[in-house]
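S.K.: Residue numbers (the numbering used here), protein chains in the order written: chain A, 1196 to 1309; chain B, 436 to 548.
Just so you know, these hints were derived from the structure itself, not from any lab.
Positions of the beta carbon are idealized from the N, C-alpha and C atoms, including for glycine.
Check before you lean on any hint, since a few could be wrong.
Quick partial rundown of chain B residues pointing at chain A, CB under 7 Å, derived from the structure [what the hints assert, rightly or not]:
{"id": "1", "residue": "Phe465"}
{"id": "2", "residue": "Met483"}
{"id": "3", "residue": "Ala520"}
{"id": "4", "residue": "Leu523"}
{"id": "5", "residue": "Gln540"}
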Amino acid sequence: DGGITQSPKYLFRKEGQNVTLSCEQNLNHDAMYWYRQDPGQGLRLIYYSQIVNDFQKGDIAEGYSVSREKKESFPLTVTSAQKNPTAFYLCASRKREQGGSPLHFGNGTRLTVT
Amino acid sequence: EDKVVQSPLSLVVHEGDTVTLNCSYEVTNFRSLLWYKQEKKAPTFLFMLTSSGIEKKSGRLSSILDKKELFSILNITATQTGDSAVYLCAVFFIIQGAQKLVFGQGTRLTINP
């Protein structure tokens, strides 16, 4: 079955440590996205990538970094520079069509930094 | 600045009521508007709207887009407790050649029995 896999489901880290969240898709989608969700709020765009080896900053990119070395993979690193990293992180992908197409989401990673 | 605004942020109704959720947007190079339902984890896709005035319907849910006034509504009739969720609106648009998708804050809908 095709889909998006995020791992791990829960992640705990100490303040000051970098941490990398995994996102893999086998849907053959070109575009991939990372969103952050805080309690009671909508999704805010961190980074997105339309093709391999290319990505753009979203609205809240500070303190985060990404890479897109393979079409299937779009890992997100939460660096120590991110002031409030505790949140729910969602990865998504979609076909790259001019008119837009629905996002397919992974099940998310809940990151807690203490 | 490109933005997507949903209202109300929170809504509590009784089972059987009809609700209308709103989504307004200000973006350049609009392409489509999408509605999602989020219960616990990943949002699930409901509708994608690209043309004004054409209603999309799925069971008790329906949605319509007004590209002149820059908004969309999501209607749910005969609500059930299973409709309780956060409803998210997202707008897909082109900026500097890149395809971007921005979400609103969401509307938390609670259906009481």
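S.K.: Which of the numbered hints above does this structure break?
M.R.: Those not satisfied are hints 1, 3.
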